[in-house]
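Number of protein chains: 2
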Amino acid sequence: MSPQKKLLLLGTFVHSKTPQDLDFFHNAGIAVDAQGKIAAMERGGAADGSGSEIKTRLLEKLGWSEAEVDVTEAAQGQFFFPGFVDTHIHAPQYANAGIFGKSSLLDWLETYTFPLESSLKDLAKARRVYARCVRRTLSHGTTTAAYFATIDVAATNLLADLCLSMGQRAFVGRVCMDATEVNPAYYRDASAEESLEATRQTIDHVRKMDPGFDIVSPILTPRFAPSCSREAMARLAQLHRETGLPIQTHISENLGEIQLVARLFPEADSYADVYDRFGLLTPRTVLAHAVHISDEEAELIARKGSKVSHCPCSNTCLTSGPARVRWMWDKGIDVGLGTDVSGGYSPSILEAARQAAMVSRHVAMGIDMPNDGGAAADDAAATGKDEAKDDAKERAKLTVEEVLYLATRGGARCVGLEDKIGGFAVGMEWDAQLVSLGQVGDDGDVREQDADEGPVDVFGWETWEDRLAKWLYNGDDRNTKRVWVKGRLVHRRGRGEGKDCEVKRKDHS
Amino acid sequence: MSPQKKLLLLGTFVHSKTPQDLDFFHNAGIAVDAQGKIAAMERGGAADGSGSEIKTRLLEKLGWSEAEVDVTEAAQGQFFFPGFVDTHIHAPQYANAGIFGKSSLLDWLETYTFPLESSLKDLAKARRVYARCVRRTLSHGTTTAAYFATIDVAATNLLADLCLSMGQRAFVGRVCMDATEVNPAYYRDASAEESLEATRQTIDHVRKMDPGFDIVSPILTPRFAPSCSREAMARLAQLHRETGLPIQTHISENLGEIQLVARLFPEADSYADVYDRFGLLTPRTVLAHAVHISDEEAELIARKGSKVSHCPCSNTCLTSGPARVRWMWDKGIDVGLGTDVSGGYSPSILEAARQAAMVSRHVAMGIDMPNDGGAAADDAAATGKDEAKDDAKERAKLTVEEVLYLATRGGARCVGLEDKIGGFAVGMEWDAQLVSLGQVGDDGDVREQDADEGPVDVFGWETWEDRLAKWLYNGDDRNTKRVWVKGRLVHRRGRGEGKDCEVKRKDHS
Chain H
1 MSPQKKLLLL GTFVHSKTPQ DLDFFHNAGI AVDAQGKIAA MERGGAADGS GSEIKTRLLE
61 KLGWSEAEVD VTEAAQGQFF FPGFVDTHIH APQYANAGIF GKSSLLDWLE TYTFPLESSL
121 KDLAKARRVY ARCVRRTLSH GTTTAAYFAT IDVAATNLLA DLCLSMGQRA FVGRVCMDAT
181 EVNPAYYRDA SAEESLEATR QTIDHVRKMD PGFDIVSPIL TPRFAPSCSR EAMARLAQLH
241 RETGLPIQTH ISENLGEIQL VARLFPEADS YADVYDRFGL LTPRTVLAHA VHISDEEAEL
301 IARKGSKVSH CPCSNTCLTS GPARVRWMWD KGIDVGLGTD VSGGYSPSIL EAARQAAMVS
361 RHVAMGIDMP NDGGAAADDA AATGKDEAKD DAKERAKLTV EEVLYLATRG GARCVGLEDK
421 IGGFAVGMEW DAQLVSLGQV GDDGDVREQD ADEGPVDVFG WETWEDRLAK WLYNGDDRNT
481 KRVWVKGRLV HRRGRGEGKD CEVKRKDHS
Chain F
1 MSPQKKLLLL GTFVHSKTPQ DLDFFHNAGI AVDAQGKIAA MERGGAADGS GSEIKTRLLE
61 KLGWSEAEVD VTEAAQGQFF FPGFVDTHIH APQYANAGIF GKSSLLDWLE TYTFPLESSL
121 KDLAKARRVY ARCVRRTLSH GTTTAAYFAT IDVAATNLLA DLCLSMGQRA FVGRVCMDAT
181 EVNPAYYRDA SAEESLEATR QTIDHVRKMD PGFDIVSPIL TPRFAPSCSR EAMARLAQLH
241 RETGLPIQTH ISENLGEIQL VARLFPEADS YADVYDRFGL LTPRTVLAHA VHISDEEAEL
301 IARKGSKVSH CPCSNTCLTS GPARVRWMWD KGIDVGLGTD VSGGYSPSIL EAARQAAMVS
361 RHVAMGIDMP NDGGAAADDA AATGKDEAKD DAKERAKLTV EEVLYLATRG GARCVGLEDK
421 IGGFAVGMEW DAQLVSLGQV GDDGDVREQD ADEGPVDVFG WETWEDRLAK WLYNGDDRNT
481 KRVWVKGRLV HRRGRGEGKD CEVKRKDHS
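If you're matching them up, the sequences are chains H and F in order.
Residue 372 in UniProt numbering sits at position 372 of the first sequence; the count goes up by one each step and never skips.
Residue 255 in UniProt numbering sits at position 255 of the second sequence; the count goes up by one each step and never skips.
Isolated chain H, as found in the complex:
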């Protein structure tokens, strides 16, 4: 990549302090060095919002000159927020977003998914779908994505190329699937040997283009237990131990799938135990879904330090079940969010966060049900007390703050990048988005700050917490005006080059 200019960002910054708390710092500034690292942060600038005082303080502190920095100043009401982390997305399936009918997992794979994935061995088609997928996810503020590609090495390598050239931090997984029962004859690896060899080819390709795996990293990707031979799983685990590369797969998404796993792996105590037996439960493992895992499985996953990618949209679309984030947190499991395109229809992690809040309410409502449906209700139901039920119901719900944590720091922990991304601190990297919310004028019109005004209406009397809630629930890609990865501007929208942010406006706040 070409050398970058240093950056100064001025204005309001918001990030997760804890899963329960957002930290707002106003009249603040962040300086980013030419390597994309946060070099300094200053808070408590002049309340006039001009940013000039903070700018001076940052430049003096670092001994930088004004000429060597690009300055981005958020207008009143705009704010910088960490980039989103999508911990589970199938890039080839982007072309099917929204197309799933009334299917559930196993028939969905057969009807919609395998045919499309297989067709992406056509590299022109792969380029079209992958380019669009990366562009779209960037526009939604996804600065890091953990991708499943397909079994095709050339197309998988193309996805890695596109991520690097468009500047999205990505884990790119060539999908391993060599078992004969679940995988169709037209779309599977000939053997465990082939799974491993193809995986190595993608690793070599990525190592050549991004030797430090700074932006793009390979990720070992056994599709899911029923798709893989015992040998393939064991050898991928061996490759993990040799290389330290991360692992991603699926677990316990659907009841039919769980029965299938029990039949295919009678020697194992549980679905999670299958992965553990073959050495795939590691601190660098991301397990998508975990909807129906038992207490014992949750404890095993927590003990091994493996992570869970919660995919609320997909779990509802495919009628898989409502996953219990609070319960997993209580078990000590790190959780991030996945769009799971195209099990989930939306490529937006903001939408995934919104749906995580909604699904958590369905978990809570399960506790309400006349027959105490919903596994989350088990503890409460056992006590037989309404009060315990009410508490369990209340606890199950995720707040605005919690789902935004899942979308950022939670996801960063999931993919092992919590020291680099997901929040703002000196030494971390500048993966961020500039968010702008529409300001309603006196006559009910939205002011023409930007012709590309988004779906959020701020009337002016809202607190900052309310504004974040409005963004979470009604925001979309129109509200994400700029996106940076490791200090590089990788997406921008709005009229006119450089004009959208600098415009100063009077605001009701």
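Just so you know, the hints here were simulated from the structure itself, not pulled from any lab data.
Incorrect hints may have been included.
Note: identical chains are not told apart, hence a pair may lie in one copy or across any two.
Within a straight-line C-alpha distance of at most 35 Å, the following computed DSBU-like cross-link-like pairs (lysine-lysine) qualify [what the hints assert, rightly or not]:
| # | residue 1 | residue 2 |
| --- | --- | --- |
| 1 | K5 | K385 |
| 2 | K125 | K61 |
| 3 | K6 | K121 |
| 4 | K385 | K397 |
| 5 | K389 | K331 |
| 6 | K6 | K37 |
| 7 | K37 | K5 |
Given chain H, work out where chain F should sit, using these hints.
Showing chain F alone in chain H's frame:
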């Protein structure tokens, strides 16, 4: 309103034939007379998509000249769709969209809703909120909305004025709430007499501005049983019998609310029975929510011909419960969709349709649950058979076609306008939207048909059914390029006057 030009619409039209089937007619045309009525429809024009042959046929058939019509031709891939009907929305609460914390119904009313509604007696504030709400809902393709306003007559009348001037078909309800227990002292009617008198003032106001209630109609609006005295309910029912005006209220949204109703109305057999006793269950009554109604209540509602407004977003946000649309349909109840802003965060009926599909899957998943949670599972659980469970689960899910039916014809039936709106037929009125989906170019870029390109990506190989699914699941207001009510163009977006639609483009279809 100023006299309108006649319209010719040419291209692809899509509407619901039945709840289960969409009808697609390509290379077709619709002629709309100066009163906004569909005067003629022609199908089967030249497959080159030019529309000129259909245009000629329509003009000849009607004896109209080219000079007296405005022609709108949908580009390849665009289509005309009936306008959406929002059967339940609180206009004043629009300012709170997305702000509900972890509340449920009764504390939500106290914390968020009553203070905001009360504050809208300030007419400048009311104008700002109401204008924005009507503009937003129009931009989302809502051509008809059943509004709850507030108790303030002047502000309610202002909402009616705004709907008429902006051209949105609307039912505007001045909210009646005279009971002392639930309604706070700062926001309630002094007496049943005042409830009725204020209601009459709004009726008189609307009658003066739109004597035939052609675009805007008053609607009798007892807030919900706990908010109303017995006298107020009885007298509103009497007013309904005198005037034939429709009625809207809430029913059985939340378990705490149901307990409250049982305590306040010990003489009634059920929540529905309360309304029936006072004469409020009529064929012109729209009941919002109906999440927890019993078999007996559903049968009573069906027998009385009253309608249900299903508000999936709200029911999830406020942890009210998952309403069972299939079950209500089976009972013979007409169902429409409501955004229920701001119990629901989104002012979009497309989003409500999407969420109706999602909530129906949560109903289905309830049937899956270990303890057979979810009232929808009752029948299946009683038989104790897995097969019956699987069938019930499968049936509970709503299809793309079904939720789009709910959004259009279902809503039209709900508000008693099924002969006028919700579909395309000679004699019906032209309440419609022009929908455009993004076409992905060969390189993964979206073609610059329109700078305001929406979030849907069509690659070109999709069937028309797939395209509708993509629109339902990922579409937003950017896909709705024009909106008409009764033949009047009430919303448009896209670059350049009249340029967005006429541009002809080569398409993959």
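Can you list which hints this structure breaks, lowest number first?
Checked against the structure, the hints that fail are numbers 1, 2 and 3, while the rest are satisfied.
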